[in-house]
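Those protein sequences? They're chains F and P, same order as listed.
276 is the number that my numbering gives to position 276 of the first sequence; each next residue is one higher, with no gaps.
327 is the number that my numbering gives to position 327 of the second sequence; each next residue is one higher, with no gaps.
I should point out that these hints are in silico values taken from the structure, not numbers from a laboratory.
Just so you know, not all the hints are guaranteed correct.
Claimed, not checked - Selected chain P positions facing chain F (Cβ under 8 Å, derived; list incomplete):
1) N194
2) G252
3) P260
4) T404
5) L423
Since the model is a prediction, treat every value here as computed from it, not as a measurement.
Positions of the beta carbon are idealized from the N, C-alpha and C atoms, including for glycine.
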Amino acid sequence: MLEKKPVIFLLLATVVILIGTAVTMIAPFKWINDPKLKIAEVKPYTALQLEGRDIYIREGCNNCHTQTVRPLLADVERYGEYSKVGEFIYDQPHLWGSRRTGPDLARIGGKYPDAWHLKHMVDPQSMVPRSNMPKYAFLQRPLDTSLTEKKMKALKFPSTPAELAALTGKSELDAMVAYLQKLGSDIPWRKSAQAAVLGDLKNPFLDNKTVLPEGKAIYEKECAQCHGADLKGGVGPSLADMDKPDSYIFKTLFGGIPAGGMPAFGDSLGKDRIWKVASFLKSRQAH
Amino acid sequence: MNQKEGYADEVVKGFITWSLVWGVVAVLLGVVISLQLAYPQLNLPPYLSYGRLRPIHTNAGIFGWGVGSFMAFFIYVTQRLTKTKLWSPGLAKFQLWLFNVIIASAAVTLMLGMTRSKEYAELEWPIALLIVVLWVIFSINIIMTIIKRKEEQMYISLWYIMAALIGVAVLYLVNNAGIPVSLTKSYSAYAGANDANVQWWYGHNAVAMVLTAPPLALFYYFLPKSTGVPIYSHRMGVIAFWSLIFMYLWTGAHHLLWTPVPDWVQTLAMAFSVMLIAPSWASVFNGYFSMNGQWHQMRENYLVKFFIFGITFYGLQTIQGPSQAVRTFSAFIHYTDWVPGHVHMGTLGWVSLIIFASIYYVVPRIYGKEIYSIPLVNLHFWLAVTGQLIFSITMWIAGVQQATMLNATNSDGSLHYSFMETLVEMYPYWYGRAFGGIIYFVSMLIFVYNIVKTVNGNSTNAAIKKA
């Protein structure tokens, strides 16, 4: 019957397609826009951050990096607190991605200091030897700011003439780093995550030289990119002659120094391996 | 007979030619970017980096090769099933021209970094507007031909064609809504979780309306044409059609499991994804049962194996897809290389095998030539299947390994591997994938060579003319 009436067929097919659309595409707006899900600390992008975000889009970073931490153990330990609806309300478009060829970046903000990102973007392999990320040295060119004001207005983000004027002289790389440092850092998750990490602070490997090779290996993989293979420093300070107790070293490795750009390694390395790195560092002290 | 009926077949030739061009480009770019993942020094920023080339690969594949071929066959099949000349051959000629302008400008603008970033909807608004024009004139031409048809009954293929025309229009318009800032830059009209949900409602139904309905239309038409046997069950076709286009639209959020999108949307997507096994497999069985008593044609008829392998990959794809859409399995496998392995079984195995066979069927008929070499067709087939299987199986193993490593914990609950330790383990698989891709690329070159030789050949075959 229907097979002889194309117009009715087309109309009916449209209705059938629109039912699922209405329920799963249109209705969710009401749930997602619930005012209760708003997070007061989450702020719009600044002009520099927005330009950085547009470069992230232009270079297709979202083809290899996601921006959503799932409420799953491995995700939360590796990347940080799981993502919330309210954190994305200024993201037009969203950049959640679909493939983690590289790590998730939803909580990259504040993990490393600017200097780390600057070096890493220019030559990723200099920081992470076997990384397959392309080099983005060309981003050191000047930032094009001709559309910035229009962009901020289009997205209804606040900006002042002084802020826009301050963009002159910035490079594309500066904008990119400003964007990366904002990602996921609006809510104070690092502080609350850090408060919970302390436990027994007695080094179980005290005077145990057998763990030193493993400590060294972990150091070379995780720490040398900033503190140097010889411990003499680089992006981070020199560790060759620090006169600190074991417990201090452990605490710093476990919880990081958020204000100083030292990442926390507690969740990714665990107590055992952190004590091994601490033992290695102690073994290398000059005195 | 085709000439006598006055069917508009010149434009079919045009679309087939250009879809071949874009198909070769898509697979070549696929090989290039697979090598870039394995050897990062092959990235030549700014224009030739993975981040900019990958969208050109997907756009050339889905829209250049896929949609280009479907435009050819929608025009070819609709005229024959309605026993009616195309409503406006002039409009179709303009459509071919516009299609190529769009795909070429897509490639150029994406290389220049002009992108909306949303997968399979990357093109900036001026090109998106041209695509709307393209789709409207295409749809009008096909629908008017159907309305003016001389054959009262509309065969299954025409239903899938009409559904695809409507579906793509709805999806594309909604997901491309944006706020232009300049000719080359716009922002999505939606933000955050809303934007993600709209995007994957679009993204997954692009799979339905571009990579499922059109190849099914071709399958239902060209399988009986090639074998000389009718489709097993018309009624099963009816039920499968309506339940497929009803259920598909509920499943987009299975791309967003465990994200901030509301839980109930995710749960619905999961449930409907599993339910989709039924209509998908109805088409698979319709294909298999049609072959009852005819399986010897797999040996004797060089086209049949394309259709049967194609529908088999479709069947596997529609089992694997729903399993990935289940929360627990998604938690494990999502964001790993398993997913590209899955996608390429669908595109290289299912969609492309059906298009290959349809081209092999149609080209000799509209040019009045005999196929140049059947042994080359067989070589093409086996290389394509081998390349695709190497690609997909490599990626599935890679995905399982990386997922296992990423989830491994020590006895104190900390993670056993850093991200880099898992990435380093992927290199051997990435070499393997590139190898599979190269085999597939070689199969494409053999295919194109065979088609070019066929078109340029002299022999006209009386046997073919009766089709």
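- Task: Against the structure, test the hints numbered earlier, and report the numbers of the ones violated in rising order.
- Result: When the structure is compared with the hints, only number 4 turns out to be violated.
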